[in-house]
Amino acid sequence: MTRTGRTGAVLATALVAVVLVILVGPIVLLAVFSFNDSSIIALPWEGFTLEWYRNAFSDPDVADSLRNSTVLAALIAPLCVVLGTATAWGITRFRFPTRGFWSGLVGAPLVIPWLVMGVSGLLLFASLGIELSLLTVGAMHVAVTFPLVTALVSARLVRFERTQEEAAVDLGASQWQLMTKVVLPQLAPTLGAALIFAFAWSFNNFEISFFNGGYEQTFPVWVYSVLRRSDNLPVVNAVSTAVSAVQVAVVYGMWMALRASSRRRGSQESLTDLVAGGLR
Amino acid sequence: MTAVQEVIAAERAAPEQRRGGWLPAGYLSVPMLVLVLLVLVPMFILFLISVGMEVGRGTSVWSLDAYASILTDPLYRKVAITTIVIATSAMLIQLVIGVPLAYVMAFKSGRFEVPLLLGLVVLDELNPVVRVYAWRMLLGRNGIINKFLESIGVIDQPIDALLFNQGTVIVVLSTGWITYTVIPLYAAMKAIDPTLFQAAADLGAGWWTMTRRILLPLAAPGIFVAVLLVYIPLFTDFATPTLVGGTSGYMLGQAVNDLILQQGDLARGAALSNLLLLASGVVAAIAFRLARINKLEA
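Top line first, the protein sequences correspond to chains A and B. The first sequence begins at 1 in my numbering and counts up one residue at a time. The second sequence begins at 1 in my numbering and counts up one residue at a time.
Keep in mind the hints are simulated off the structure, nothing from the lab. Each residue gets a CB set at the ideal place from its N, CA and C atoms; glycine is no exception. Please note that the accuracy of each hint is not assured.
[To be verified] What follows is a list of derived Cβ distance ranges for each label pair:
#, chain 1, residue 1, chain 2, residue 2, range
1, B, Leu-261, A, Asp-170, 54 to 60 Å
2, A, Thr-180, B, Ala-68, 56 to 62 Å
3, B, Leu-64, A, Asp-59, 43 to 49 Å
4, A, Ala-260, B, Leu-75, 52 to 58 Å
5, B, Ala-68, A, Arg-159, 47 to 53 Å
6, A, Leu-178, B, Ile-286, 55 to 61 Å
7, B, Ala-25, A, Val-248, 41 to 47 Å
8, B, Asp-258, A, Trp-45, 36 to 42 Å
9, B, Val-85, A, Ala-173, 56 to 62 Å
10, A, Phe-101, B, Gly-21, 15 to 21 Å
11, A, Ala-167, B, Asp-202, 43 to 49 Å
12, B, Trp-62, A, Phe-101, 22 to 28 Å
13, A, Tyr-252, B, Val-154, 38 to 44 Å
14, A, Pro-78, B, Trp-62, 39 to 45 Å
[Stated by the list, open to error] Far from chain A, some chain B residues (derived; all Cβ distances over 12 Å):
#, residue
15, Ser-50
16, Val-61
17, Asp-65
18, Asp-73
19, Val-79
20, Ser-89
21, Arg-136
22, Gly-167
23, Asp-193
24, Ala-199
25, Leu-216
26, Leu-218
27, Ala-287
Chain B with its partners taken away, still in its complex shape (with noise of 0.2 Å):
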């Protein structure tokens, strides 16, 4: 199970109806206050300033200016789509490769098994800066593979296309989240039994009608956890667009980032910030209903 599926889990275990008195605020009442000041009072900054009320500045004049700015120029709504797309494709490679991975691992690893389960962990934990830095040795200008075929004669020119476009990124993005995508995948997997695919091989089902009919609608519900961990942060990165992205890569996130840190121009990105927010809470919400409505079918 996932983190996210955990918290569902947790969410609807049989309620316990002790009564705590004063207790659970002995237990909650730090960590709340935390949450409160760190997550609560910082949303709403977020969104006075973006609405044009700079705190401790005494401006305090109402506007949405800055939201329409964003939604109405040509060069965020490019972004936008070049976001999306980026995000979309990189999901979709994971899924591809990811559901057939989780798959051999789930019934088919053997004594594998385990070993692959914490080598997805290990690489979890690598630091991603880093892994996204390994990515542009490989494929720099002076990288190693220009670098290679330069000296063994295939190219005489270093390949610039190799970076600093937008398949970089969907490949990069790819290869550092998919070990996030596998894992719920391979948690969905683990509880399917197998004796189902069995029944179905014994009755003439071809491995095509077993995936359509066994294991991806019983894997779903990991599926969409998968989607809800990773397409998030998928769209707001601005790390591996600003290291391998170059123009033809360049991402919402990045935007963020240029409006506040370079331009200055707090509204603007508080309200890039919150059309960003606003997407995530639109996934979220869809990705844990499809995950909720399967699992109660299932």
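Looking at chain A on its own, in the form it has when it is part of the complex (with noise of 0.2 Å):
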């Protein structure tokens, strides 16, 4: 028995070990060569150099796609968790007649391929005579975004305790005070959550940005088309460093609020926001 065991443990170290360096592998040799001073991304080791930095951050198309992308998701990002909240609230606390439908629309942009998506967005806007530029890639990243938060917050809510929402309902309160003293507070860490992971949606979404985008460039469309113009190039590693750098660091910081919060209240659920918000 304690020998199976032991096989056991070896095995499953092995398969996460194997996994992490697959998956894990290649990014941080991207970040080890955007320090490599050579214009061809391969050993041997040149030397330490900060070079594809200075020129990448020089570089207008670098500049202009991260503001693009920047600006893009934090004003997509509130305007989700608004909608997809009050979404959630809409169709998890009331029954009424064509309810079926509205859910089966919010769960549609979880299932229709992003692609068809984006398609579909340019083809309406060709037919419509509006031209393509960041407006309507940021109408459609809404459109595609907010049921993410939905399903996000109606997770939650379908688990909350109804009690308090009961309470304050038959002591009088109004819509305005049962929302802004009973039910955001409790949803504030899901929200939070939400939030980051709505702006994260909204950055990394590429399909999207693609076909809608026009002449202006999100950054995952300004790596892909660097990346079909010409060969592998150390300023797209510079770049991408940085950028993945800022991703790890805020979902890592989301998580420690997330678990401080769930800790201050006594609860397991910072976990469940994770995972559901892990999953794009």
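Take the two lone chains and join them into the complex the hints point to.
The following block contains the structure:
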């Protein structure tokens, strides 16, 4: 028994180690070679340099694409949290005719391929004669991102202790008081997580930005178009490393905050938010 | 639980008989307007264009020519087969690695459980195009592996076979999506009572019996949710095959892109998009159905 237990442990460790190397290895190498003093991304190591970072951040295309993506995500994330939360509340707490249709419509962007969403958005704007820009990208991002917030928030609403809500309604709280004094404070950690995930979903989105952006590039579209035109470039390594470092820091920071808040409240819910949000 | 499971759960929660009058409209009108304008209307336009009715150009002859020409063209049949082979192999690889990985995370990782989970979520949040690029940097003609093998004298010509073929697309897609596969599997396994394994072991069951009789049946809803979440993006992907696929890895997503943006053939591009949408609907319906049936049995 102990022997099979030990073999199992060895196999388990080996599996986790191999998967981690395969998943993390390429990203680590990407980062390492962003500091290599050579325009060819390969060994031998030619020495440490920050030249690629200097080049990257003085390149107007890089600056534009990063600014576009950041501004877009920063505007879209809060908007999606508002729309997504209102939808979650409306659909989980009320029964009304046509409810099934609307909740199906909210679910649709979760299964429609982003490629099809991107193409259909392009054809919509072309048919209406609307010029493609960051605005059209932003509109489509909102349509695919807020249903994900709805999924995250309704999960929490379904697990809620309803007693406080019911007590508030029985004691004559207005809808506004119910929201601001009872519901939203309890939802706060989930909404915080949703805000960060919505930012990431918009920032990372490639297909929809690609089809609906016209001449305005977001960061993923910039990476894609550089790689289509040319071979691998150390400048791409530098920008990608910088962006990834920020993303890792943000997710880690969010996790620490969620854990702190669930410890304060004495619940184990932070993990669920993390798991649910981890699915794009 | 995963986003999709959450939606299913929310849908099936004990109905609340609260009559809100116009309140639900207050909460829902703006979001639903967004969805009607930016999801329903575009889908309708996509459909109109695919049957030859171009909005704003006054053409008004219905025809299924675009569908017919795609469905009878041997080129698209070949691309469809390549796409199915790539997406299905990538899905199977992810499940074969993902099921044991999720099992280890859920039951055997002890204090590493939360860090591992956090690691998966961090990987999810990294930019997918950047992750594809990282592979291209490793496997390319002038990539790290080729240059390294050349420098130590194992090869004197770069191995082109590393990049720009079907196998590379399968590997890159599998590594890109496996985090999305593992998370629902993990969530489903977390709900299994670990004493079941102990009881089975005490009764003399081997690991294979336990896997077949306990782990797989109880984790099945998670497997179907993983397929629902991952298989659809896999067979509609176009950035990955464009960046690492070459000609033997040409997929349907690229065909849609080429028809619409390169050739300006909107009707056929829209028709192919609709066929992909139809296929996604079939995959989603099957996965939902299976996930639900299993939940009821469990």
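*Range agreement (Cβ of A/Trp-45 with Cβ of B/Asp-258, hint 36 to 42 Å)*: At 40 Å between Cβs, range holds.
*Could you check the hint for me, namely that B/Ala-25 and A/Val-248 are 41 to 47 Å apart, CB to CB?*
Since the Cβ atoms of B/Ala-25 and A/Val-248 sit about 42 Å apart, the hinted range of 41 to 47 Å holds.
*Determine whether the non-interface label on B/Asp-65 survives the test: each CB of chain A must be over 12 Å from its CB.*
About 18 Å separates B/Asp-65 from the closest Cβ of chain A, which puts it past 12 Å; holds.
*Do A/Phe-101 and B/Gly-21 keep their Cβ atoms within the hinted range of 15 to 21 Å?*
holds, 19 Å
*Find the nearest Cβ of chain A to the Cβ of B/Asp-73 and say whether that gap is larger than 12 Å.*
Holds, since 19 Å exceeds 12 Å.
_Closest CB of chain A to the CB of B/Ala-199 still more than 12 Å away_ = holds, 15 Å
*B/Arg-136 clear of chain A by more than 12 Å, beta carbon to beta carbon?*
violated, 6 Å
*Do the beta carbons of B/Leu-64 and A/Asp-59 sit within 43 to 49 Å of each other?*
Cβ of B/Leu-64 to Cβ of A/Asp-59: about 48 Å, so the range 43 to 49 Å holds.
_Please verify that the nearest CB of chain A lies beyond 12 Å from B/Ala-287's CB._
Incorrect as stated: the minimum Cβ-Cβ distance to chain A is 9 Å, not above 12 Å.
*In this structure, is the beta-carbon distance linking A/Ala-167 and B/Asp-202 contained in 43 to 49 Å?*
The hinted range 43 to 49 Å holds for A/Ala-167 and B/Asp-202, with Cβ atoms some 48 Å apart.
*Beyond 12 Å from every chain A Cβ - status for B/Ser-89*: holds, 16 Å
*Range agreement (Cβ of B/Leu-75 with Cβ of A/Ala-260, hint 52 to 58 Å)*: holds, 57 Å
Hint check: violations occur at hints 6, 15, 21, 27; the rest are consistent with the structure.
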